[in-house]
Every structure is written in C-alpha cells, then in structure tokens.
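These protein sequences, in sequence, are chains A and B.
For the numbering used here, count along the first sequence from 1 and bump the result up by 36.
Quick note on numbering: the numbering used here labels position 57 of the second sequence as 50, and the sequence is numbered without any gaps.
If you are wondering where the hints come from, they were derived from the structure by calculation, not from laboratory data.
Some hints here could point you the wrong way.
Subject to a maximum C-alpha distance of 20 Å in a straight line, what follows is the list of computed PhoX-like cross-link-like pairs (lysine-lysine) [to be verified]:
#, chain 1, residue 1, chain 2, residue 2
1, B, LYS68, A, LYS91
2, B, LYS18, A, LYS91
3, A, LYS245, B, LYS16
4, A, LYS41, A, LYS102
5, B, LYS16, B, LYS49
6, B, LYS49, B, LYS68
7, A, LYS290, A, LYS261
8, B, LYS18, A, LYS102
9, A, LYS245, A, LYS102
10, A, LYS250, A, LYS290
11, A, LYS109, A, LYS91
12, A, LYS91, A, LYS131
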Amino acid sequence: MLATKAIMEQGVHVEGINFFTGFCVEGHTHAIRKKDKEKPKRNNSLWVAETLGIKLHIIDIIEEYKDVLINPKHGYGANMNPCLDCKVFMVKKAKQWMEENDFDFIITGEVMGQRPMSQRRETMPIIAAESGADDRLVRPLCGQNLPATLPEREGWISRDKLFGFSGRGRKPQMALAEEYGIEEYSQPAGGCCFLTDESYSAKLVDLWKARGTKDYELDDVMLLKVGRHIRPNQDFKVIIAREDGEARFLEGYKKNYINMNCASHRGPLALIDGNPGAEDLYVAAQIVARYGQGRDAEQVDVLVRDLAGNESTLQVRPFGVDEMPKAWFI
Amino acid sequence: MSQYELDARRLLCPLPVIRTQDKVKNLQSGDTLRVTCTDPGVLQDIPAWCRINGHKLIETHSSEHEYIVTLEVGK
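Make a model of the complete structure from these sequences and hints.
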C-alpha cells in the first residue's frame, strides 16, 4: 500500500496484481467460523486497491504454484512456507503481466531485513535476478539502500523520493502511513499465508505422508483450513465440523467424500478422507459420535453415506475422552 | 445486450471474484451477469471489484445460504 502510494505520488500510473495461490488467508476464510465473525468479510487487496483508487487484477496461480510449493529451490522457512521461491515466482509472473500489458516496471512493498527469508540483503538480488525482472524491479520503501534501478536511471522516478527503510521495526512505515493520511491498513505483521502457520503446515505434511506423494488439489488445501482433522491410521482421516458454519462449508463436499453424521442425536457433519475399510468406518463413527450430543450415551446411530450416495447406519459406542490418543489429532 | 449466469457456489474468496473477472473479460459492454455464490463475502467483494473496474452493480440478493450478485458490464 505504501510502496504503491510512494510511486503514485511521483505521478506514475500504477495498477495492482494480486496472486491467489489457494493458501491466502482472507477474512472470508475466518468468517466460516463464528468466533471469527467479528473480522471484516472483505478481500484486503480489493479494499487496498479501492482505497488507493487503482485497478486490481486478481490472478489465479493455483496450478502453477504447486511446483513452487512442492519443489522449492531455496527450501522452506520455519513451516511449509517457500517464501523466497514464492517471491521469485510472483515477480516472474508480474513481469510476464507487465510485458503483456505494456507496463514499464514492477514495484513491491519489500523492506530489507523485514522478513527472515525473502527480505534480506542477500536474497533481494536473487529475486530480481531469478524472476528475470532485474533492474525493472523497484522496491520504493527500501530503494535507497539498493543499487539504482532502470526507472531511476532513466528518470521515470526520482530516487530521492524513494525510502531507505530497513529492519523488522515498522515505525517508519507507520509514520509514512500517517503522512499519507492512511489510517487503516491490513496485515501489519505479515501472516497472510496459511503456509506460515504451524498447524496448517502439519496438516499439509500429514496429507502428503498419507498419500505417499507431495501433490494436492485445491479442495485439499481448502479443507485443511476447516474443522478438526483426526487421523487414527494412515488409511483415513476424519474431518469434523466444529460448528454450523464449518458444517455448511463441508456440506459442499459431501458428494466427493464418504461422510457421516449422528442420526439418533444432534451432531456434526464429518468427511472421511482416504480409503477406509469397514473397521476404519466404525472407528470414524465412534469419533463422530464423540463430538455429538450423544457423547455420553451407551449407543449412537451414525448415518454413513458412501461415494455413490448409498446410506447405511452404524450403531456405535462413542469414544470416551481418554480413548482418542493425542497423536490422532493433526 | 445479453444476460449470463455464473455458478460460483462452494468457492471461497477470492475465487468468486476471479471467476467473475474472467467471465466479464469475454462479455460486451451492457451485458448483465448474475453470479450465484455461497461465500457471503461476495456481497462486499464483487461490488468493490465493480467499483474499481468500472462495472455497474445492479443488485445483490441473499437467500438462505446463497448470495446472488447481478452486475452490468461497463465499457
């Protein structure tokens, strides 16, 4: 937001690009759950574009991004976040868009030293070089700490009006925001990607391990954001809704997964991912019963729907609180 | 002027906006597009996307768990 504003202040026409990887954290994802209802249901990139008065192009890179996540040349960060490869890839895509749409250079909001992986003095030249953007990549917020870029040398923008921010502190950025009259801004401390989240990353690694391959579809990564994930063995896991909002979301996947819910008592919807055998389904039903209102009953009827839509009922004793090992919870 | 439909149910933000954006690219000015979604966030996002990109919001409508946004493609 600040980088865009800084370049717009120099009289340059700027348009925004927002890449959607499938792992983006948005208010909407939070809004599935009641506890997050307070968070604004808005797409922050659209909100920023509207606030700045620029056009925004949202680009779906879900398929292409798989290779970035599965085979990161520069490795992962603290979790499954391939930040440096991700940045290289996105700048490369931005360069492609720039050329197709007759734009002259790319700007990013990077600040040297702000992030431990992709925003270090040593890694910033890697992004410029490996993306192919080279000296058409301008970082307005820390540009004065870097060699002059083509737009500066050509006089398209003034180097004097760029900034020399560095380090993890954000006070200079906050002061600049105040100077620009920007009172509200999103993600002041990063964290806009589920791959930086420890819990989410554990679920992704579990998925790959269970399937024996580092691959995924969009539905997989969406479902990792929702519900309790409980894996009694490598053949199956239970994804169980924690509340009505999640149950409604999971409803949309009922045709693609074996699914079950309590029939004799109120209880949540659960999807069964994997290839469960008959005994596995019985265990899954005991888990589902555990999270329904019949958790203390001697017996609960659990309705099971297979992939063909056929229904059957399992009569199970719900698991007790100590009967589900901690290791099952992903 | 033609009327078009887009089914964006089950999609979470920002996919309904991306699908709308991609559909509108192939429509003519004055055409209308009716987008059906299950993510309530579209009631904010598609109107915002219309404002940013010069399209006209005709109406938004909510049923029990579906959200419908109708827009007219701008120039």
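Evaluated hints:
no., hint, in the structure
1, B/LYS68 with A/LYS91, "holds (14 Å)"
2, B/LYS18 with A/LYS91, "holds (14 Å)"
3, A/LYS245 with B/LYS16, "violated (37 Å)"
4, A/LYS41 with A/LYS102, "violated (32 Å)"
5, B/LYS16 with B/LYS49, "holds (15 Å)"
6, B/LYS49 with B/LYS68, "holds (10 Å)"
7, A/LYS290 with A/LYS261, "holds (17 Å)"
8, B/LYS18 with A/LYS102, "violated (26 Å)"
9, A/LYS245 with A/LYS102, "holds (16 Å)"
10, A/LYS250 with A/LYS290, "violated (24 Å)"
11, A/LYS109 with A/LYS91, "violated (33 Å)"
12, A/LYS91 with A/LYS131, "holds (17 Å)"
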